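Asks: What follows is each chain in one-letter form.
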Amino acid sequence: MWIRRAVQHVSLILATLLVGGLLGATLVRMAPGFGVDPQELDTRLSEASLRALRDSHAAERNVLRFYASYLAGMLRGDLGISYSLGRPVRDLLAQRIPTTFRAVAMGLAGGWLVALALALPAVLSRRRACDRLALTLSGTLLCLPSAVVALLFLLLGGPVPLALAVVVFPRVFRYSRNLLLEAATLPHVLAARAKGLGGLRILARHIWPAAAPQLLALAGVSVNLAFGAAIPIEVVCDSPGVGQLAWQAALARDLPLLVNLTVLVALVTQAANCAADLAATASRNPR
Amino acid sequence: MRAEPKTFHPLLVTDEPSETVRYLTSGVLIRLNRVTQELEPELAVSWKTASGGRQITFQLRDGVSFSDGAPFSAEDVAFTLRAMMDPNLRSPMADSFGPGPVRVEVSGTARLTVTFPAPVAGLERLFDQVSILSAQSPKKEMAGLGPFLVAEHQPGSHLRLTRNPNYWKREASGRRLPYLDSIRLDIQQNRETEMLRFRRGQIHLINNLDPELFERLAAETAAAAQDAGVSLESEQLWFNQVARAPLAAHKKTWFRSRNFRAAVSQAIQRQDICHVVFRGRAMPAPGPVSPANRFWFNAALKPAPSNPAEALRRLQAEGFELQAGLLRDRQGNPVEFSVITNSGNRNRERVAAMIQQDLKPLGIRLNVVTLDFPSLLERITRNFQYEACLLGLVNVDLDPSAQMNFWLSSASNHPWNPNQKSPETLWEAEIDRLMRAQAAAVEPQKRKGYFDEVQQIAVREAPSIDLVFKNALAAVSPALRNVTPAVLRPQTYWNVERIYFAK
Amino acid sequence: MKNTARHLAAGILALVFSASLLAGLLSPARYDQQFRDFPNASPSRQFPLGTDELGRDRLSRLLYGSRVSLLLAPAAALLATLLAGVLGATAGYLGGSPERLAAASMDLFLSLPWLFLLVTVRATLPLNVSPLVSLGITFLLLGALGWAAPARVVRAGTAALRDSEFILAARACGCRSSRLLLRHVLPNLKPVLSAQFWISIPVFIVSEANLGLLGLGVAEPLPSWGNLLRELENYQAVLANPCRLAPLFLLVLVMGCFQAILPREDFTA
Numbered sequence: 000m001w002i003r004r005a006v007q008h009v010s011l012i013l014a015t016l017l018v019g020g021l022l023g024a025t026l027v028r029m030a031p032g033f034g035v036d037p038q039e040l041d042t043r044l045s046e047a048s049l050r051a052l053r054d055s056h057a058a059e060r061n062v063l064r065f066y067a068s069y070l071a072g073m074l075r076g077d078l079g080i081s082y083s084l085g086r087p088v089r090d091l092l093a094q095r096i097p098t099t100f101r102a103v104a105m106g107l108a109g110g111w112l113v114a115l116a117l118a119l120p121a122v123l124s125r126r127r128a129c130d131r132l133a134l135t136l137s138g139t140l141l142c143l144p145s146a147v148v149a150l151l152f153l154l155l156g157g158p159v160p161l162a163l164a165v166v167v168f169p170r171v172f173r174y175s176r177n178l179l180l181e182a183a184t185l186p187h188v189l190a191a192r193a194k195g196l197g198g199l200r201i202l203a204r205h206i207w208p209a210a211a212p213q214l215l216a217l218a219g220v221s222v223n224l225a226f227g228a229a230i231p232i233e234v235v236c237d238s239p240g241v242g243q244l245a246w247q248a249a250l251a252r253d254l255p256l257l258v259n260l261t262v263l264v265a266l267v268t269q270a271a272n273c274a275a276d277l278a279a280t281a282s283r284n285p286r
Numbered sequence: 000m001r002a003e004p005k006t007f008h009p010l011l012v013t014d015e016p017s018e019t020v021r022y023l024t025s026g027v028l029i030r031l032n033r034v035t036q037e038l039e040p041e042l043a044v045s046w047k048t049a050s051g052g053r054q055i056t057f058q059l060r061d062g063v064s065f066s067d068g069a070p071f072s073a074e075d076v077a078f079t080l081r082a083m084m085d086p087n088l089r090s091p092m093a094d095s096f097g098p099g100p101v102r103v104e105v106s107g108t109a110r111l112t113v114t115f116p117a118p119v120a121g122l123e124r125l126f127d128q129v130s131i132l133s134a135q136s137p138k139k140e141m142a143g144l145g146p147f148l149v150a151e152h153q154p155g156s157h158l159r160l161t162r163n164p165n166y167w168k169r170e171a172s173g174r175r176l177p178y179l180d181s182i183r184l185d186i187q188q189n190r191e192t193e194m195l196r197f198r199r200g201q202i203h204l205i206n207n208l209d210p211e212l213f214e215r216l217a218a219e220t221a222a223a224a225q226d227a228g229v230s231l232e233s234e235q236l237w238f239n240q241v242a243r244a245p246l247a248a249h250k251k252t253w254f255r256s257r258n259f260r261a262a263v264s265q266a267i268q269r270q271d272i273c274h275v276v277f278r279g280r281a282m283p284a285p286g287p288v289s290p291a292n293r294f295w296f297n298a299a300l301k302p303a304p305s306n307p308a309e310a311l312r313r314l315q316a317e318g319f320e321l322q323a324g325l326l327r328d329r330q331g332n333p334v335e336f337s338v339i340t341n342s343g344n345r346n347r348e349r350v351a352a353m354i355q356q357d358l359k360p361l362g363i364r365l366n367v368v369t370l371d372f373p374s375l376l377e378r379i380t381r382n383f384q385y386e387a388c389l390l391g392l393v394n395v396d397l398d399p400s401a402q403m404n405f406w407l408s409s410a411s412n413h414p415w416n417p418n419q420k421s422p423e424t425l426w427e428a429e430i431d432r433l434m435r436a437q438a439a440a441v442e443p444q445k446r447k448g449y450f451d452e453v454q455q456i457a458v459r460e461a462p463s464i465d466l467v468f469k470n471a472l473a474a475v476s477p478a479l480r481n482v483t484p485a486v487l488r489p490q491t492y493w494n495v496e497r498i499y500f501a502k
Numbered sequence: 000m001k002n003t004a005r006h007l008a009a010g011i012l013a014l015v016f017s018a019s020l021l022a023g024l025l026s027p028a029r030y031d032q033q034f035r036d037f038p039n040a041s042p043s044r045q046f047p048l049g050t051d052e053l054g055r056d057r058l059s060r061l062l063y064g065s066r067v068s069l070l071l072a073p074a075a076a077l078l079a080t081l082l083a084g085v086l087g088a089t090a091g092y093l094g095g096s097p098e099r100l101a102a103a104s105m106d107l108f109l110s111l112p113w114l115f116l117l118v119t120v121r122a123t124l125p126l127n128v129s130p131l132v133s134l135g136i137t138f139l140l141l142g143a144l145g146w147a148a149p150a151r152v153v154r155a156g157t158a159a160l161r162d163s164e165f166i167l168a169a170r171a172c173g174c175r176s177s178r179l180l181l182r183h184v185l186p187n188l189k190p191v192l193s194a195q196f197w198i199s200i201p202v203f204i205v206s207e208a209n210l211g212l213l214g215l216g217v218a219e220p221l222p223s224w225g226n227l228l229r230e231l232e233n234y235q236a237v238l239a240n241p242c243r244l245a246p247l248f249l250l251v252l253v254m255g256c257f258q259a260i261l262p263r264e265d266f267t268a
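Protein chains in written order, with numbering that gives the first Met the number 0: chain A, 0 to 286; chain B, 0 to 502; chain C, 0 to 268.
For the record, the hints were derived by calculation from the structure and aren't laboratory data. Some hints could be false.
Claimed, not checked - Each computed DMTMM-like pair below joins lysine to aspartate or glutamate, with the alpha-carbon atoms no more than 20 Å apart:
#1 K168(B) / D271(B)
#2 K5(B) / E46(A)
#3 K5(B) / E151(B)
#4 K189(C) / E46(A)
#5 K301(B) / D271(B)
#6 K5(B) / E232(B)
#7 K359(B) / D36(C)
#8 K5(B) / D237(A)
#9 K301(B) / E232(B)
#10 K189(C) / D162(C)
#11 K420(B) / D130(A)
#12 K138(B) / E74(B)
#13 K5(B) / D130(A)
#14 K5(B) / E15(B)
#15 K250(B) / D185(B)
#16 K250(B) / E15(B)
#17 K359(B) / E335(B)
#18 K5(B) / E39(A)
#19 K301(B) / D36(A)
#20 K168(B) / E232(B)
#21 K359(B) / D31(C)
What the hints assert, rightly or not - If you want the ones that stay clear, here's a sample from chain A, every Cβ over 10 Å from chain B, calculated:
#22 L63
#23 R86
#24 L189
If you're wondering where the values come from, they're calculated on a predicted model, not measured in any experiment. No residue lacks a Cβ here, since even glycine has one placed at the ideal position from N, Cα and C.
Start from the sequences and build out the full structure, keeping to the hints where you can.
Replies: So, in C-alpha cells, the structure goes:
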C-alpha cells in the first residue's frame with residue numbers, strides 16, 4: 000500500500016520536475032534580451048564576427064529541441080555548459096551548492112528557533128507585553144529590504160546564515176504565532192487548562208496536534224522562501240553560492256544554467272513540501 | 000574585479016576581469032604608456048613600419064624567457080600572430096588588424112617582419128593588446144611573459160597571482176622586477192563592501208571608484224582618494240533614427256530634426272549633472288571625444304553652456320509651440336517621449352532624472368524607463384523599440400580607427416541608426432567619407448585633420464548628445480608606493496612591476 | 000489601557016492618511032523639484048527632513064509616496080490573500096489526486112523564475128504608459144505572484160479540517176460544498192490568511208522598489224516608500240544622515256497602528 004503511495008509521489012515529483020524545467024526554459028527563451036550578448040557593443044568587431052556572435056545562440060532558439068538535448072545530456076550525467084561562465088554546469092553547481100545549502104539550513108533553523116521561542120511564550124503565558132514586543136520586532140524586520148539586511152550584516156560582520164535567519168524569522172513568526180494562538184483557543188485545550196494541566200503538557204498533547212498540519216506546511220514553504228531570500232543576500236554579501244549564480248545567470252540569460260537551477264529549486268521545494276505533507280499525515284493518523 | 004574572469008587565454012579576452020589578468024600575466028611587444036600616451040618598447044627594442052601601414056618589422060629583445068623557463072624568440076611572436084589571425088580561434092583582436100591571412104617572415108631569433116593584406120591604421124599601437132604566447136612551452140597559454148603568473152583560482156571568490164621569477168624587466172640597479180611578491184584579485188561586485196574592505200586594509204587598490212564613495216574616502220584619508228583627471232568614459236543620450244523602427248511617424252520626424260536634437264542638448268544643464276551626480280568629478284562634454292585623448296581630441300571644441308531660452312527658440316523655429324506648459328509640434332502632438340537606460344547604474348538613473356527636470360521648462364515630457372541590460376540591448380540592436388537611450392560609452396582605444404564601427408553608417412554598432420544600406424543623410428555620408436579617409440591615410444597629422452572634422456560634424460548635428468566625461472577615480476592604500484593612477488585602463492596598476500609596499 | 004492604545008493608534012493612522020491626501024498642501028516643495036545646490040542636505044527649516052541625492056525634499060516625497068504605498072500595497076496584499084485562500088481551500092477540500100495535482104502545480108509555481116515573466120510583461124507594455132497604468136499593473140503582478148506560498152499552508156489546513164467532526168456533521172446535514180467552504184472552512188483559516196495579509200503589505204511595499212529595477216513599478220519622478228527605502232542601501236550615508244530612516248520608521252509605525260486597532264488579532268476567547 001505504502002509502496003504504491005511512494006511510487007505515486009515520486010512519479011508526480013518527476014513529472015513536475017520535467018514540466019517545470021520545460022516551463023522555465025520557455026520563460027527564459029521567450030523573455031526579451033535572450034540571445035543578445037553585451038560583447039556586441041564592442042566596436043572592434045567586424046560584421047562577420049558580429050554575425051558569428053549572434054549565431055552562437057542558434058542552438059538554443061528552439062526550446063523543445065534544446066530541452067530534449069538537455070534531458071538526453073542529463074541522463075548521461077552532463078548538465079550542459081554555462082554560456083556566460085564557460086564552464087560545465089555540473090562543476091559550477093557542485094562548487095556552489097554546499098555553500099548555499101549550509102547557509103539555508105542554518106538560516107532556516109535559526110529563523111524557526113527564534114520564531115518559536117518568541118511565539119510560544121505568547122501562547123503559554125498570555126503576557127501581552129511580550130507578544131507586542133515580538134510583533135513589533137518582526138514587523139520592523141519585515142519592512143527592511145533583503146538587500147539592506149544583508150548590508151547591515153556585512154557592516155556588523157555577521158555571517159550570511161544569520162542574515163537569512165533574520166529574513167525568515169518575521170514571516171515564520173507571524174504565521175506560527177497565529178496558528179498556535181488559534182489552536183490554544185480550541186475547546187479541548189481550554190478544558191485541559193481548566194483541569195489544571197501544565198503548559199508544556201498542553202502544548203505537546205493538545206496544541207501541537209491541532210496546529211501541526213499547517214505548521215509543517217509552513218515549514219515546507221519556508222524552505223522555498225529561504226532559497227528566494229538567499230539570492231539577494233548572496234549577491235550583496237558576495238557569497239559564492241547558488242543564489243549569486245542564479246542572479247548572474249538571469250542577467251546573462253544563460254539558458255543551460257537557468258534550466259538546471261529551475262529544476263534544482265523545483266526539486267528542493269517539492270521534496271520539502273512532500274516531507275511536510277507526509278509528516279502532517281503521520282501526525283494526523285494517530286487520532 | 001567586478002566579475003569572474005571568463006577566460007585565461009590571452010587571445011580570447013573580451014571582458015574586463017580577463018583583461019586584468021592578461022595585463023598582469025602576459026607581455027607585449029610594444030607598450031602604450033598609460034600616463035604619457037606614448038608608445039614604448041617592451042619586448043621589441045625597436046620597430047619600423049613600411050608600405051603605408053601594411054608591414055612592420057620588429058627587433059626583439061634578447062635573453063627573455065617565459066614564466067616556465069622556455070626561451071622567447073621570434074618564433075613565439077610568429078606563432079602568436081598566426082594563432083590570432085586564425086579564423087577558427089575567433090579572437091576579437093583579429094578584426095582590428097583587418098581581414099585575411101597574415102604573412103610572417105622570421106629572420107633570425109630576434110627579428111621578424113609581419114605583412115598584412117590591407118593597410119592597418121595605427122598599426123603599432125594595436126600591438127599593445129597582443130599578448131605573446133609561447134610556441135613550444137607545454138603550459139601553452141598559461142606560460143606568460145608578464146610580471147606575475149596565475150597561482151590559485153578560487154572560482155567565485157578570488158584569484159591569486161605570484162611573481163614571475165623569470166620576468167625580464169629589471170630596474171636601473173639591475174634588481175629583477177616586480178617588487179611585489181603576490182597579488183590577490185578579489186571578485187567583489189558590491190561597491191560598498193569593497194570600500195569597507197579597503198578601509199579595513201584587506202583591499203589596497205580600487206579602480207573606477209564611485210564619486211560618492213570617493214568623496215567619503217577623501218574626507219577621511221585624503222591621500223588614499225586619487226583623481227587622475229578626466230577619463231575616456233562618457234554618458235551619452237541618443238535618439239532612435241532608424242527608419243523602420245516601430246515608432247509613431249511624428250516622433251520619427253522629431254528625432255530626425257537637427258534643431259530638435261540640438262535644442263534638447265542645449266536645454267540639459269551639464270554643469271548640474273557634474274556637480275550633483277558626479278560630485279564635481281566630471282566635466283561637461285565638449286564633443287564625442289574626451290580631452291583625455293591628448294592627440295585625437297579636437298582642441299577647438301569647447302563645452303557649450305546650457306541655454307534653455309535659446310533651445311526654446313530653436314524649437315519654435317522648427318514649428319513647435321509651447322502651450323500651457325506643454326510643447327506641441329506642428330500637428331498638435333504633445334512632445335512626450337521615453338528614454339531607456341540600464342538599471343544597475345544609480346548614477347545613470349540620476350542623470351536621467353535630472354534631464355527629465357531640465358526638459359520640463361521646455362514643455363517636453365520625458366519618461367524614464369530603467370530596464371535590465373539584456374532587454375535594453377535587444378531594443379537598441381535588434382527590434383529598435385525605443386525612442387531615446389541613455390548609456391555610457393567606454394573607449395578603451397585612443398585611435399579612432401578602433402571606432403570605425405561606431406561612426407560608419409553601414410555598421411551594426413552605429414548607435415542611432417545601424418546598418419544603413421546607404422547613408423540616409425548628408426552628414427552621415429560626410430562622416431563616412433572622412434572616417435574612411437582617416438583610415439586610409441598614414442600621416443598622423445593628416446588623419447587628425449579628418450577626425451577633427453568628424454568631431455565638428457558630430458557636435459553640430461548632435462545625433463548623440465554627449466553629456467559628460469567622468470573622471471577616473473581610484474582608491475590607493477597609503478601603504479603602497481609608486482602608484483600613479485592613470486586615466487586609461489588598467490588605472491592603478493599599469494606599472495604594477497614597480498609598485499611596492501612602504502616599510 | 001487597551002482603549003487608550005487603540006485610540007492613539009487610530010489617531011496616528013488618521014493623521015498619516017490625511018497628511019498623505021493633503022500632500023499637496025502640506026509639502027514644503029513639489030516632490031520632483033530638484034534643489035541642485037543642496038544635495039543630501041541635513042534637516043533645516045527649508046527641508047524638515049533633509050534632501051535626497053538629487054536635492055529633492057524628503058518630507059514631500061514621503062508624503063506623496065504615502066499615497067502610492069498606502070493605497071496600493073494593501074490592495075495587492077488583499078488580492079494575494081484572497082487568491083491564496085480560495086485556491087488553497089479548494090485544493091485542500093477536494094482531496095485525492097486533484098489535491099495532489101494542485102499541490103504539485105503550486106510547488107511548480109513557486110520554483111519558476113518569475114523574473115522573466117516580469118521582464119516579458121515590461122516588453123509588451125508600451126514605453127510611454129501613464130503612471131497610473133504602470134502602478135496598477137505593478138500591484139496586480141505583485142498580488143498575482145504572491146499567492147502560492149500561503150496557498151500551500153491553506154491547503155494543508157483545509158485538508159486537516161476536511162476530516163474533522165464538525166465538517167462531517169455539516170455534510171451529514173446536507174450542507175452544500177460551496178457553503179461549507181465559505182461558512183465553515185474559511186473562517187477557520189483566518190489565522191493563516193490574516194498572517195499572510197499582514198506580512199504581504201510591507202513585503203509588497205519593498206518589492207515594488209525591486210520591480211523598479213526591471214522597468215515596472217513606480218516611474219521617475221514619482222516617489223513611493225519602496226524606492227525611498229532603497230536609499231538605505233547606502234548604509235554609511237545613513238549614519239551621516241539619519242533622516243533616511245524616516246520612511247522605515249513611518250512604515251513600522253503605520254503597520255503597528257493597523258494591528259493595534261484591528262480587533263481580535265489575538266484570537267483570545
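Asks: If a hint holds in the structure, say so; if it doesn't, say that too.
Replies: Here's how the hints hold up against the structure:
1. Distance hint between K168(B) and D271(B) is unfulfilled; the C-alpha atoms sit about 47 Å from each other, more than 20 Å.
2. Taking the CA atoms of K5(B) and E46(A), the gap is near 23 Å; set against the 20 Å cutoff, the hint is violated.
3. This hinted pair checks out: K5(B) and E151(B) have alpha carbons roughly 15 Å apart, not beyond 20 Å.
4. Our distance criterion of 20 Å between C-alpha atoms is broken by K189(C) and E46(A), whose separation comes to about 63 Å.
5. Restraint check for K301(B) and D271(B): the C-alpha separation of about 17 Å stays at or below 20 Å, so the hint holds.
6. Between the alpha carbons of K5(B) and E232(B) the distance comes to roughly 23 Å, so the proposed pair goes past 20 Å and is violated.
7. Restraint check for K359(B) and D36(C): the C-alpha separation of about 18 Å stays at or below 20 Å, so the hint holds.
8. For the proposed pair K5(B) and D237(A), the alpha carbon gap of about 18 Å is at most 20 Å, so the pair holds.
9. As the CA atoms of K301(B) and E232(B) are separated by approximately 17 Å, the hinted pair is consistent with the 20 Å bound.
10. In summary, the hint linking K189(C) to D162(C) is supported, as the alpha carbons are separated by about 18 Å, within the 20 Å threshold.
11. Taking the CA atoms of K420(B) and D130(A), the gap is near 73 Å; set against the 20 Å cutoff, the hint is violated.
12. For the proposed pair K138(B) and E74(B), the alpha carbon gap of about 16 Å is at most 20 Å, so the pair holds.
13. For the hint pairing K5(B) with D130(A), the CA-to-CA distance comes to about 52 Å; that exceeds 20 Å, so the pair is violated.
14. Taken as a hint, the K5(B) and E15(B) pair is honoured in the structure, with Cα atoms around 9 Å apart against an allowance of 20 Å.
15. Taking the CA atoms of K250(B) and D185(B), the gap is near 47 Å; set against the 20 Å cutoff, the hint is violated.
16. As the CA atoms of K250(B) and E15(B) are separated by approximately 37 Å, the hinted pair breaks the 20 Å bound.
17. In summary, the hint linking K359(B) to E335(B) is supported, as the alpha carbons are separated by about 11 Å, within the 20 Å threshold.
18. Among the hinted pairs, K5(B) with E39(A) is consistent with the structure: their alpha-carbon atoms are about 16 Å apart, no more than 20 Å.
19. Pair hint K301(B) plus D36(A) does not hold up; C-alpha atoms about 36 Å apart against a cutoff of 20 Å.
20. Using a Cα cut-off of 20 Å, the hinted pair K168(B) and E232(B) is violated, with the two alpha carbons roughly 32 Å apart.
21. Between the alpha carbons of K359(B) and D31(C) the distance comes to roughly 11 Å, so the proposed pair stays at or under 20 Å and holds.
22. A cut-off of 10 Å between C-beta atoms confirms that L63(A) is not in contact with chain B; the least separation is 22 Å.
23. At roughly 8 Å from the closest C-beta of chain B, the C-beta of R86(A) falls inside 10 Å, breaking its exclusion from the interface.
24. With a least CB separation of 53 Å from chain B, L189(A) remains clear of the 10 Å interface cut-off, as annotated.
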